[in-house]
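Colleague: Listed in order, the protein sequences are those of chains Y and H. FYI, the numbering for the first sequence is 647 to 951, going by our numbering. FYI, the numbering for the second sequence is 647 to 951, going by our numbering.
Check before you lean on any hint, since a few could be wrong.
Put simply, identical chains are the same to the list, so a pair is met inside one copy or across any two.
[To be verified] Here are the simulated DSS-like cross-link-like pairs (lysine-lysine), alpha carbons at most 30 Å apart as the crow flies:
1. Lys752 / Lys702
2. Lys831 / Lys922
3. Lys691 / Lys782
4. Lys922 / Lys694
5. Lys866 / Lys831
6. Lys691 / Lys922
7. Lys765 / Lys870
8. Lys824 / Lys922
Think of the hints as simulated: they come from the structure by calculation, not from any bench.
There are 2 protein chains.
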Amino acid sequence: MDGIQKELLEQVAGLHEIPRGAYNIRANGKGIARSTTANIDIIPKEDKPGIDIRIKANTKNEAVHIPVLLTESGINDAVYNDFFIGENADVTIIAGCGIHNGGDAKSQHDGVHRFFVGKNAKVRYVEKHYGSGDGKGGRIMNPTTIVNVDEGGYVEMELAQIKGIDSTDRNTESTLQKGATLIVKEKLMTHGTQYAKTNFLVNLDGEDSSANVVSRSVAKEQSKQLFISKIVGNNKCAGHTECDAIIMDDASVSAVPELTANCVDASLIHEAAIGKIAGEQLMKLMTLGLTESEAESKIVEGFLK
Amino acid sequence: MDGIQKELLEQVAGLHEIPRGAYNIRANGKGIARSTTANIDIIPKEDKPGIDIRIKANTKNEAVHIPVLLTESGINDAVYNDFFIGENADVTIIAGCGIHNGGDAKSQHDGVHRFFVGKNAKVRYVEKHYGSGDGKGGRIMNPTTIVNVDEGGYVEMELAQIKGIDSTDRNTESTLQKGATLIVKEKLMTHGTQYAKTNFLVNLDGEDSSANVVSRSVAKEQSKQLFISKIVGNNKCAGHTECDAIIMDDASVSAVPELTANCVDASLIHEAAIGKIAGEQLMKLMTLGLTESEAESKIVEGFLK
């Protein structure tokens, strides 16, 4: 790996070196390093680009890193990864993607991730998207995530796109069986003329299933954001979705949550708020000696933490 | 007017007799009574069914009643009413519609109301929809309401459809200029296999314009409801939309609010909650001697009050 790849790896996966445990590192459309453990197998797909990640039942406290790095300009990388998580497993999956585009051609990564989470399994999924490089070529990421959670399963997703992605169309679709839980925390920041669309669909099919989808975003300069979140209650269930956005400069933000209750025992709530940074907050920090732009940065940082 | 028409008139307009002041009563597709005052003129349209209601500037504390009654089965009545409200006027407009269908043919009323609210004028608009009759013919109402509020204008809308309408597709679109205010309070109840769709669009175009759109609904038995509410902030403005629904039996409810901020000084909020009547509330009333169904009625009544 060269310096740029190492920098991207740190940004998207918090890694300074090759990780311990299971991993698969993909760079510029090709797998460049792979490691499996006794409990976690990684098998390249034969019919299309991508891997199957098979985690044995009862696997505890293990992690899988599957970062994707794009450093060549003009690359168009699509990848299909399937995760099979055995019953009672308790694992962390870290799946960031970084694009460095120093050229004038568009670089694009479309990742389709499907999760099959076994009974009573617990998964923490972390996905960071990051872009860098001063080329004129666009940095584009369109992730699709399909999550099936079996009885009693628990999935927590931390999704972040803080910097450098020019256009993103994010789709996450999940179906929860009896007693299953989904927690989503999304953080988005756009600047320049960036565009970000994010679309969640949660089907609460099982009795006592529950979902909490929370998105926080900041839109700066001329950027545009569209947030869609649908929760469908088909059984006795609880769903909550929330979208809070800070709007700055000439940006625009739309929030379109959708609740559908098809069962009398479905309890669904959503909230959203879009507004600029409160004047009093800015004033307070400026009284403490910060410039206006330092104060803004501080508030945005706290909001997205 | 016969007994059924008098009963409808009481339900939709709270009237026991012909009202004082300005009014236009329409029954089965024809105007049957009209009265104007020195400040409020009512002129039948020449190119299509409907009336122009012209309210002079500075008119204070006057009311206009324009109820519509359908008592023949199989009638299909479309009407176009335009309201021109002069500067600084302060008036109440009561525009209910009642359908009594005792036959097997469909009875339908499509009313298109356009409001041109002058500078600093204040309008209270009350619209009640009600259906009765034990015929198999459907009772259908599709109201379209377009509201233009000039600088400093204030419009408060109370929209209610509590009983007897089999299908409704309600569209309300409003545009607010500088300092204008819109308050909407909607109450809906559906039962049987009824369907209700309600769609609000509020364009906050003017500086310091504001809107508050609140809908409360109860869906019983096999009925279905869809609530859509879009607030678009194009200037320094404040918008709030809220939808609270009680779901009962096998009903289903969808809520789809949409906030779009196109200006950094737009402050927009929405909230929604769908759920059944809380068990504790029922228990409390039953401890006081009410049956379960009496307790439910009491809670629904309080919720829609």
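Colleague: If you test the structure against every hint from before, which numbers come out violated?
Modeller: 1, 3, 4, 6 and 7
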